[in-house]
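S.K.: If you're matching them up, the sequences are chains A and B in order.
Letter 102 of the first sequence, counting from 1, is numbered 102 in this note's numbering, and no numbers are missing.
Letter 179 of the second sequence, counting from 1, is numbered 179 in this note's numbering, and no numbers are missing.
Treat the hints with care, as some may be off.
What the hints assert, rightly or not - Derived DSBU-like pairs (lysine-lysine); straight-line CA-CA distance at most 30 Å:
no., chain 1, residue 1, chain 2, residue 2
1, A, K49, B, K80
2, B, K236, A, K245
3, A, K217, B, K155
4, B, K64, A, K216
5, A, K76, B, K64
6, A, K217, A, K151
7, A, K245, B, K64
8, A, K76, B, K43
9, A, K242, B, K43
10, B, K242, A, K236
11, A, K24, B, K64
12, A, K242, B, K151
13, B, K49, A, K216
14, B, K49, B, K217
15, B, K254, A, K155
16, B, K64, A, K254
17, B, K24, B, K216
18, B, K216, A, K242
19, B, K49, A, K217
20, B, K76, A, K245
21, A, K245, B, K151
22, B, K43, B, K80
23, B, K242, A, K217
24, A, K24, A, K76
25, A, K24, A, K43
26, B, K217, B, K254
27, A, K217, B, K64
28, A, K155, A, K242
29, A, K43, B, K151
30, A, K216, B, K84
31, A, K76, B, K80
32, B, K49, A, K236
33, B, K242, A, K242
34, A, K242, B, K217
35, B, K80, B, K64
36, A, K245, B, K49
These are computed hints drawn from the structure, not numbers from a lab.
Keep in mind the model is a prediction, meaning the values are calculated, not measured.
Number of protein chains: 2
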Amino acid sequence: MALPENIAIVDFVGAGNVANALGKVFVENNIAVGNIFSSHYEKSLAMAKLVNGTATDNIQNIGKNADLVILAIPDKEIEKVSTKLSVGNSVVVHTSGNQDVSNVGNHVNYGVFYPLQTFSLHTPVDFGELPICIESNSSATANLLTNLGEKISNKVVNVDSESRRKIHLAAVTVSNFSNLMYNIAYDYLRENDIDFDILLPLIRETANKITDLSPKKSQTGPAVRNDITTINNHLKLLDNNKDFKEIYSLLTDKIIQIHNEKL
Amino acid sequence: MALPENIAIVDFVGAGNVANALGKVFVENNIAVGNIFSSHYEKSLAMAKLVNGTATDNIQNIGKNADLVILAIPDKEIEKVSTKLSVGNSVVVHTSGNQDVSNVGNHVNYGVFYPLQTFSLHTPVDFGELPICIESNSSATANLLTNLGEKISNKVVNVDSESRRKIHLAAVTVSNFSNLMYNIAYDYLRENDIDFDILLPLIRETANKITDLSPKKSQTGPAVRNDITTINNHLKLLDNNKDFKEIYSLLTDKIIQIHNEKL
Numbered sequence: 001m002a003l004p005e006n007i008a009i010v011d012f013v014g015a016g017n018v019a020n021a022l023g024k025v026f027v028e029n030n031i032a033v034g035n036i037f038s039s040h041y042e043k044s045l046a047m048a049k050l051v052n053g054t055a056t057d058n059i060q061n062i063g064k065n066a067d068l069v070i071l072a073i074p075d076k077e078i079e080k081v082s083t084k085l086s087v088g089n090s091v092v093v094h095t096s097g098n099q100d101v102s103n104v105g106n107h108v109n110y111g112v113f114y115p116l117q118t119f120s121l122h123t124p125v126d127f128g129e130l131p132i133c134i135e136s137n138s139s140a141t142a143n144l145l146t147n148l149g150e151k152i153s154n155k156v157v158n159v160d161s162e163s164r165r166k167i168h169l170a171a172v173t174v175s176n177f178s179n180l181m182y183n184i185a186y187d188y189l190r191e192n193d194i195d196f197d198i199l200l201p202l203i204r205e206t207a208n209k210i211t212d213l214s215p216k217k218s219q220t221g222p223a224v225r226n227d228i229t230t231i232n233n234h235l236k237l238l239d240n241n242k243d244f245k246e247i248y249s250l251l252t253d254k255i256i257q258i259h260n261e262k263l
Numbered sequence: 001m002a003l004p005e006n007i008a009i010v011d012f013v014g015a016g017n018v019a020n021a022l023g024k025v026f027v028e029n030n031i032a033v034g035n036i037f038s039s040h041y042e043k044s045l046a047m048a049k050l051v052n053g054t055a056t057d058n059i060q061n062i063g064k065n066a067d068l069v070i071l072a073i074p075d076k077e078i079e080k081v082s083t084k085l086s087v088g089n090s091v092v093v094h095t096s097g098n099q100d101v102s103n104v105g106n107h108v109n110y111g112v113f114y115p116l117q118t119f120s121l122h123t124p125v126d127f128g129e130l131p132i133c134i135e136s137n138s139s140a141t142a143n144l145l146t147n148l149g150e151k152i153s154n155k156v157v158n159v160d161s162e163s164r165r166k167i168h169l170a171a172v173t174v175s176n177f178s179n180l181m182y183n184i185a186y187d188y189l190r191e192n193d194i195d196f197d198i199l200l201p202l203i204r205e206t207a208n209k210i211t212d213l214s215p216k217k218s219q220t221g222p223a224v225r226n227d228i229t230t231i232n233n234h235l236k237l238l239d240n241n242k243d244f245k246e247i248y249s250l251l252t253d254k255i256i257q258i259h260n261e262k263l
């Protein structure tokens, strides 16, 4: 189980949003990217150019000279792709919030390197305070991954698969579902010829406020005030918008319920 | 219909979150706060101390020496309280997103001064880029309110009651409902002994990302990837959490629907 002493070269399987973001921040911090394999070769080429790596169309080239292989691929492919790799003592990790560490357990040294963030291609991400959740099959591997993580982030934490799955569910809730709210409001305002940008300061303040105040104490609006007149006015505005109305009703009821519990 | 030439002194009815935030930013910008009336006298006293105003327990003192009277009170009280005021040529406005301008229409000069933001007591708010939606019964009054708004914000816009109501509904969606998502995640993580703070960078990035990218393009996560395995894993985690599960399902379905439409 001889481990690399240090992670100096990283190979990637996958060349999507997560791979690009990680590759970019590694290179900025003097960690080299080696080979990049993707089922879409043109994506490997584009990423290789960005991070000064080498695109390969043969997965057997992955992990031959690298200290670490990162599988940044869809959840359902992790286990299958992992079995195709033959990497000796190199560490193999996946980046999924939801998949068990054992899905890369066919290797000598393995683990998880899960950056808790929403990645969109070409949107720069500040890694400084971004939590990286580490899990691995040995404390020596954990140390290696932690050292790597700390080169790009101030917040590296050890999290087991079960807790990581729960964190991922919570992450979907605060990020993907909030973004859905932005999308619904965007479409609604566009239908009414109103510029969505008017909401941006409010969106940012809502996100920033909970740094100092719990979400429960931060809650404002008609539901927490039990302002039935306003709620009914809103529902009336949504008479021709069945889906939005259903979501409005369910979430309003939930806010009322949460804030009645404290009485 | 002689108008004040300038708004130098502002009286308040209401001493809650909105009144406090506005009073504070006025004083910081050399606009004086005069009398403050609230049905909770102790709140008027606390606010008077903060903004160097005068708490009064007699609503008839409101508007006697002020150029502007701001009704920062619950929606359902606006019309009733407005009829109690006798203010001569002073301008009377309410601060509601949802109420018609005509609810203060019993005065000579009247309008709406709606700051599009989420206000919590003692949480400082940056007014610089905060939109203020103005409406009024005359262009002269509109000018007065616009001049006042521009002393505290870079973004003063004229919005009629119908559009303001729609903006308010969109604001509830992006702010109050996103905050509900934070609350649900907070409670879920706490039940599982995980610190909510791990989500803060993700929450901020989600809010900031849409400055440059539309919400549709910003969407990430299992639903937009149509990753049924992960979605089912999440639903299984929520087997004992009926409400959260119902919200998760409805919002996930909506994301899938929005992103299938573009195919």
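S.K.: Give a verdict on every hint.
M.R.: Comparing the hints with the structure gives:
1. Taking the CA atoms of A:K49 and B:K80, the gap is near 67 Å; set against the 30 Å cutoff, the hint is violated.
2. For the suggested pair B:K236 and A:K245, the alpha carbons sit about 27 Å apart, so the restraint of at most 30 Å is met.
3. Simply put, A:K217 and B:K155 have alpha-carbon atoms about 28 Å apart, close enough for the 30 Å limit, and the pair holds.
4. Between B:K64 and A:K216 the alpha-carbon distance is near 39 Å, which puts this suggested pair outside the 30 Å criterion.
5. Between the alpha carbons of A:K76 and B:K64 the distance comes to roughly 71 Å, so the proposed pair goes past 30 Å and is violated.
6. Between A:K217 and A:K151 the alpha-carbon distance is near 36 Å, which puts this suggested pair outside the 30 Å criterion.
7. Distance restraint check for A:K245 and B:K64: the Cα-Cα separation of roughly 44 Å exceeds the 30 Å cut-off, and the hinted pair is therefore not satisfied.
8. For the hint linking A:K76 to B:K43, the alpha-carbon distance of about 57 Å lies beyond 30 Å, and the restraint is violated.
9. Between A:K242 and B:K43 the CA atoms are separated by roughly 41 Å; this puts the pair beyond 30 Å, and the hint is violated.
10. A distance of roughly 28 Å separates the Cα atoms of B:K242 and A:K236; the hinted pair therefore holds under the 30 Å criterion.
11. Distance restraint check for A:K24 and B:K64: the Cα-Cα separation of roughly 64 Å exceeds the 30 Å cut-off, and the hinted pair is therefore not satisfied.
12. For the suggested pair A:K242 and B:K151, the alpha carbons sit about 41 Å apart, so the restraint of at most 30 Å is broken.
13. Only pairs whose Cα atoms come within 30 Å are accepted, and B:K49 paired with A:K216 is accepted, the gap being roughly 27 Å.
14. Taking the CA atoms of B:K49 and B:K217, the gap is about 47 Å. The hint is violated against a cut of 30 Å.
15. For the hint linking B:K254 to A:K155, the alpha-carbon distance of about 33 Å lies beyond 30 Å, and the restraint is violated.
16. For the hint linking B:K64 to A:K254, the alpha-carbon distance of about 44 Å lies beyond 30 Å, and the restraint is violated.
17. A hinted pair counts as satisfied when its Cα atoms are at most 30 Å apart, and B:K24 with B:K216 does not qualify at roughly 37 Å.
18. Proposed proximity of B:K216 and A:K242 is supported: the alpha carbons are some 20 Å apart, at most 30 Å.
19. Simply put, B:K49 and A:K217 have alpha-carbon atoms about 24 Å apart, close enough for the 30 Å limit, and the pair holds.
20. Straight-line distance between C-alpha atoms of B:K76 and A:K245 comes to about 22 Å, which keeps the hinted pair within the 30 Å bound.
21. Distance restraint check for A:K245 and B:K151: the Cα-Cα separation of roughly 38 Å exceeds the 30 Å cut-off, and the hinted pair is therefore not satisfied.
22. Simply put, B:K43 and B:K80 have alpha-carbon atoms about 20 Å apart, close enough for the 30 Å limit, and the pair holds.
23. A C-alpha spacing of about 23 Å is found between B:K242 and A:K217, which places the hinted pair at or below 30 Å, so the restraint holds.
24. For the hint linking A:K24 to A:K76, the alpha-carbon distance of about 25 Å falls within 30 Å, and the restraint holds.
25. Restraint check for A:K24 and A:K43: the C-alpha separation of about 14 Å stays at or below 30 Å, so the hint holds.
26. Straight-line distance between C-alpha atoms of B:K217 and B:K254 comes to about 15 Å, which keeps the hinted pair within the 30 Å bound.
27. Distance check on the hinted pair: A:K217 and B:K64 sit about 36 Å apart at the alpha-carbon level, beyond 30 Å; violated.
28. For the given pair, A:K155 sits about 43 Å from A:K242 by alpha-carbon distance, which is inconsistent with the 30 Å threshold.
29. Restraint check for A:K43 and B:K151: the C-alpha separation of about 50 Å exceeds 30 Å, so the hint is violated.
30. Taking the CA atoms of A:K216 and B:K84, the gap is near 35 Å; set against the 30 Å cutoff, the hint is violated.
31. A hinted pair counts as satisfied when its Cα atoms are at most 30 Å apart, and A:K76 with B:K80 does not qualify at roughly 61 Å.
32. With a C-alpha separation of about 41 Å, the suggested pairing of B:K49 with A:K236 is violated against the 30 Å cut-off.
33. Taking the CA atoms of B:K242 and A:K242, the gap is about 23 Å. The hint holds against a cut of 30 Å.
34. Straight-line distance between C-alpha atoms of A:K242 and B:K217 comes to about 23 Å, which keeps the hinted pair within the 30 Å bound.
35. Restraint check for B:K80 and B:K64: the C-alpha separation of about 19 Å stays at or below 30 Å, so the hint holds.
36. With a CA separation close to 43 Å, the supplied pair A:K245 and B:K49 exceeds the 30 Å bound.
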